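Chains A and B, in that order, give the protein sequences.
If you count the first sequence from 1, position 211 lands on 211 in the numbering used here, and the numbers rise without skipping.
In the numbering used here, each number is its position in the second sequence, counted from 1, plus 389.
Capping the alpha-carbon separation at 16 Å, the derived lysine to aspartate or glutamate pairs in EDC-like fashion look like this:
{"no.": "1", "chain 1": "A", "residue 1": "Lys276", "chain 2": "A", "residue 2": "Asp375"}
{"no.": "2", "chain 1": "A", "residue 1": "Lys119", "chain 2": "A", "residue 2": "Glu188"}
{"no.": "3", "chain 1": "A", "residue 1": "Lys276", "chain 2": "B", "residue 2": "Glu649"}
{"no.": "4", "chain 1": "A", "residue 1": "Lys276", "chain 2": "B", "residue 2": "Asp668"}
{"no.": "5", "chain 1": "A", "residue 1": "Lys246", "chain 2": "A", "residue 2": "Asp235"}
{"no.": "6", "chain 1": "B", "residue 1": "Lys617", "chain 2": "B", "residue 2": "Asp587"}
Label-pair ranges, simulated between beta-carbon atoms:
{"no.": "7", "chain 1": "A", "residue 1": "Gly16", "chain 2": "B", "residue 2": "Gly431", "range": "40 to 46 Å"}
{"no.": "8", "chain 1": "A", "residue 1": "Asp255", "chain 2": "B", "residue 2": "Gly434", "range": "55 to 61 Å"}
{"no.": "9", "chain 1": "B", "residue 1": "Gly431", "chain 2": "A", "residue 2": "Asn139", "range": "53 to 59 Å"}
{"no.": "10", "chain 1": "B", "residue 1": "His612", "chain 2": "A", "residue 2": "Ser337", "range": "51 to 57 Å"}
No wet-lab data here; the hints were simulated from the structure.
Just so it is clear, the structure is predicted and the values come from calculations on it, not from any experiment.
Cβ coordinates follow ideal geometry from the N, Cα and C atoms, glycine included.
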Amino acid sequence: MKIHEYQAKEILRDHGVPVPRGKVADTGEKAREIAGELGGLVVIKAQIHAGGRGKGGGVRLARSPEEAQEVAESILGMQLVTHQTGPEGQTVKRVLVEEGLKIQREYYLGIAIDRDAGKVVFMASREGGVEIERVAAENPELILKEALEPGLGLTPFQARKLAFGLDLPAKLAPAAVRFMLSLYRAFEATDASLAEINPLLLTEDGDLYALDAKINFDDNALYRHPGIRALRDTDEEDPLEVEAGKHGLNYIKLDGNVGCMVNGAGLAMATMDIIKLAGGSPANFLDVGGGATAEQVRNAFGIILTDPNVKAVLINIFGGIMRCDIVARGVVDAARSMQLEVPIVVRLEGTNLEQGREILKASGLSLTVASGMQDAAEKVVRLASRSTT
Amino acid sequence: MSILVDQDTRLVVQGVTGREGTFHTLQCIRYGTQVVAGVTPGKGGTVHEEIPVFNSMERACRETGGNASVIFVPPAVAADAIMEAVDAGVNLVVCITEGIPTLDMIRVRQFMAGKKSRLIGPNCPGIISPGKCKIGIMPGAIHREGTVGVISRSGTLTYEAVQQLSSRGIGQSTCIGIGGDPIIGTSFVDALRLFKDDPGTEAIVLIGEIGGTAEEAAAHYVHSHLSKPVVGFIAGQTAPPGRRMGHAGAIISGGQGTAEEKIRLMEECGLHVARSPADIGETTARVLPGQSS
Chain A
1 MKIHEYQAKE ILRDHGVPVP RGKVADTGEK AREIAGELGG LVVIKAQIHA GGRGKGGGVR
61 LARSPEEAQE VAESILGMQL VTHQTGPEGQ TVKRVLVEEG LKIQREYYLG IAIDRDAGKV
121 VFMASREGGV EIERVAAENP ELILKEALEP GLGLTPFQAR KLAFGLDLPA KLAPAAVRFM
181 LSLYRAFEAT DASLAEINPL LLTEDGDLYA LDAKINFDDN ALYRHPGIRA LRDTDEEDPL
241 EVEAGKHGLN YIKLDGNVGC MVNGAGLAMA TMDIIKLAGG SPANFLDVGG GATAEQVRNA
301 FGIILTDPNV KAVLINIFGG IMRCDIVARG VVDAARSMQL EVPIVVRLEG TNLEQGREIL
361 KASGLSLTVA SGMQDAAEKV VRLASRSTT
Chain B
390 MSILVDQDTR LVVQGVTGRE GTFHTLQCIR YGTQVVAGVT PGKGGTVHEE IPVFNSMERA
450 CRETGGNASV IFVPPAVAAD AIMEAVDAGV NLVVCITEGI PTLDMIRVRQ FMAGKKSRLI
510 GPNCPGIISP GKCKIGIMPG AIHREGTVGV ISRSGTLTYE AVQQLSSRGI GQSTCIGIGG
570 DPIIGTSFVD ALRLFKDDPG TEAIVLIGEI GGTAEEAAAH YVHSHLSKPV VGFIAGQTAP
630 PGRRMGHAGA IISGGQGTAE EKIRLMEECG LHVARSPADI GETTARVLPG QSS
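Whole structure, please, built from the sequences with the hints as guidance.
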């Protein structure tokens, strides 16, 4: 799960990580008030989940409370387009109003999971303020890494290694170590999957601040962090994907015209692949999960057919232990109750396969029964292109 | 022949009295697996579906000679269940549970270091040696005894591949679902090593996904260590970058772990890559010693 920068900074502040003074505003008026409290130069930052906000015009300076209001009003409500939002952009509903700080130097700190090592890794780099992926690709030696022992976490000596490795002025090392230890505590306490401070700011006055902050959380651990779960902002997510999630369906919209309903994520991806190989284009990824009950199938149809581009639907269910006749009845019941207009191709596999096929054929609905993935993909692509022309 | 599980495996089921646990335990017994005990804390001393239930793994293993466990407990308590099984000294722990927090699994990995138990999963369909032993939720009927080892990150896609093999008369020595989570017990390379040393395995099918670098590591291992033919498939060739497709593993970002890169490397390393998911069986038939296609 992702959260906004202002939420991430509140979590960091609670764990003792120094962040600039600031507050979030959803109106220009409120922004002016906050700017007045802060005094002096302020930074107005659009709060959307996507990165690259600065380049898109979502981060601007204001020299007075009045200017802060003006700037905030111009950012609030705008469709902010960045390299991560897609061409339609994301509506800005809140801005973070922060004290302006004088930059001496920018660094990078990050905490992530190293899957192969099975450990948390703490990273630091002198190359802050830029895309760290680029640094990693071009100058990997500029990213310092410390693998953390489970149970111990970041130790003070590791934090010192990183701090001195950054060539920070020696007198700043204790502050940098405190910063890193606090950041790690925040990461562990919240079951984060990623935490990035980019940039970590060294001010002209010689203080360290988290100037920007990004924290992602492990969805599997949200059950033990109700406070963090409450920070979810569904406005930042695709409404169809949110709706699908409520029904326990895993749905991702794509731009093709063949709707897909599959059980299991791996098989769902493979189904998209074979549609492409058959000359078609998948309209979505959809994993109905293990039990393809009539209700789940109906919910899945509801989601898939909300997309007007869908010209045909492929249902690919490998029942396994689940019986095909039950899946077939679910498909027929759902199709009947919804009066579907697009052609449907059904490929079933599992026990009681023949009975399942009989139920589909006897239904009188325009269901095409396929045998095998290849046959299913060819049939659905043909049907989709026919209804397009 | 087979790896890790066979007719001598004595299975203890953790979470045996739950709905999922009960259903799949009965399926395993029907397949022929020796289920010797179940564990549900607080229900020790009772008998569930003719299976003796114990309060702890330690007690269950000591009294019944259990040497493997399968876990069907909820995600919040699954990491602890894995460690309990390891502590009881079983050779193999198969964790079916989906949704275990990553930091919990990191602690489990640390706990297991230096101990003899092997973990398969979590978030996996389990392991089966056809005709001998089934530990997990896969449909037993699609499998058939033979000489092809199958390793996969996904569930239903593995069934698809197995069915393609079986319907061509190609049996399997052992099929392992290693799981789709970021932190897992047995990697592709671990499983490849076991199949390499198994005289009953003549060829291997490796089914991967976009995201991560596990398939890359597997390809390098095949190149430098294996003389048996290996068939590869990568799901997610059409997936958009930066999106998580169900499995935590299935995400591509920053030019890492794309299907194209994985397929190219697999081919360079001598794997026989099936481009279409419908061609996994046929590709295997082509490379299997003694088969003519």
